[in-house]
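If you follow the hints, you should be able to join the two separate chains into one complex; please do so.
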Amino acid sequence: EAQVTQNPRYLITVTGKKLTVTCSQNMNHEYMSWYRQDPGLGLRQIYYSMNVEVTDKGDVPEGYKVSRKEKRNFPLILESPSPNQTSLYFCASSSIQGNTDTQYFGPGTRLTVL
Amino acid sequence: QKEVEQDPGPLSVPEGAIVSLNCTYSNSAFQYFMWYRQYSRKGPELLMYTYSSGNKEDGRFTAQVDKSSKYISLFIRDSQPSDSATYLCAGSYSSASKIIFGSGTRLSIRP
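These protein sequence lines map, in sequence, to chains A and B. Note that the working numbering has the first sequence beginning at 9, numbered continuously upward. Note that the working numbering has the second sequence beginning at 124, numbered continuously upward.
There may be inaccurate statements among the hints.
Per label pair, the in silico range of CB-to-CB distance [to be verified]:
no.: 1; chain 1: B; residue 1: Asp189; chain 2: A; residue 2: Asp67; range: 23 to 31 Å
no.: 2; chain 1: B; residue 1: Ser217; chain 2: A; residue 2: Asn81; range: 22 to 30 Å
no.: 3; chain 1: A; residue 1: Asn36; chain 2: B; residue 2: Glu126; range: 26 to 34 Å
Everything labelled a hint here was simulated from the structure, so no lab data went into it. Built from N, CA and C at the ideal position, the CB exists for glycine as well.
Isolated chain B, as found in the complex (with noise of 0.2 Å):
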């Protein structure tokens, strides 16, 4: 089982609507967790980063991470083409040790 578990998609959702990116992990001792974007022939971005468990807001992005449930989330209100791209997750154990990824959701939003 890998530590750190995302749905591939593709997920293709219209312009305006609510995303959600979801990703499971396994390691309780994971600290740190982390959203990239990463578009076409492009290196990935860092989008947020959170702490422990609870949310975090930024703009239109929301992340949020239930420690309880091992389960963590993007949420992407007011989608734009622009978010078009691949999402990845992430956990570490602190923010100067080894950073387990997701494989990656292939983002859509249509016009």
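Here chain A stands alone, though its shape is the one from the complex (with noise of 0.2 Å):
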């Protein structure tokens, strides 16, 4: 079955302690990221990867961190938690070759930063 897993799904921590979320996908594509939704915002992408190594930076990367050692794996780190980053996190991967029109999101993680 194609699927995107992230965990944790809930997290509540405090400031400035560093925390990982992973996001790991089974279809083998390439593009893999990272969005954060907020009430009114919609969905803001984070973070990027095209592929193994390569990644760059989304609409709102300040803050995080992210690496592409796998083609699997894409984690999301926050090395100092702010309450600004509080939010629902989802990660998605998709083929950028081929047939594209398949994208797959992850249940979401929501984080709390007190």
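As structure tokens, then:
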């Protein structure tokens, strides 16, 4: 079954405590990305990756880091989380070759930074 | 000005009606246009994906792109209560670049 998994699904943490949200896909997709969703602002792309070791900034990259060491995994790292990073986060993957109209989103990670 | 603008709604229509959802965008370099559907407490799902101008139809859904006016539309025919969701439009330069989303329109179909 085609799947994008994210962990954890829910996280409450404190300001400044480094955290990582993992994302994994089983479809051998080249393109992976991270989004945050806030009320009234819709989805905003944080970072995206076109393939292993190739990443680029999205619309709101400040305060986030990513890495793409393996094709299936694309973790999101918050080195020093702040309350304004409280949000709902989604990871997604898609193919950039051939049939490009397939994109899968993970179930979301609800992060609260106190 | 946001690169992709979308009326947040909410939009409420009776079952069976034709729904028209619209977005405007400002970046003329956008080549790819997407519509996503998001049910409450769920992740978005890609509904329609179009390249450049023109129409694309998939069942009850039709996506339309008019690059001359920078206007993108999604039409839903014979709307059903199960179509009640938030619909997000998005634009992108290529299939492997940054994606810019509208803020979403909340749609409710009344039985």
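These are the hints, each one checked on the structure:
1. Separated by about 24 Å at the C-beta atoms, Asp189/B and Asp67/A satisfy the suggested range of 23 to 31 Å.
2. Distance hint check for Ser217/B and Asn81/A: the Cβ-Cβ separation is about 23 Å, which falls inside the suggested range of 22 to 30 Å.
3. A beta carbon spacing of about 31 Å between Asn36/A and Glu126/B agrees with the range 26 to 34 Å that was offered as a hint.
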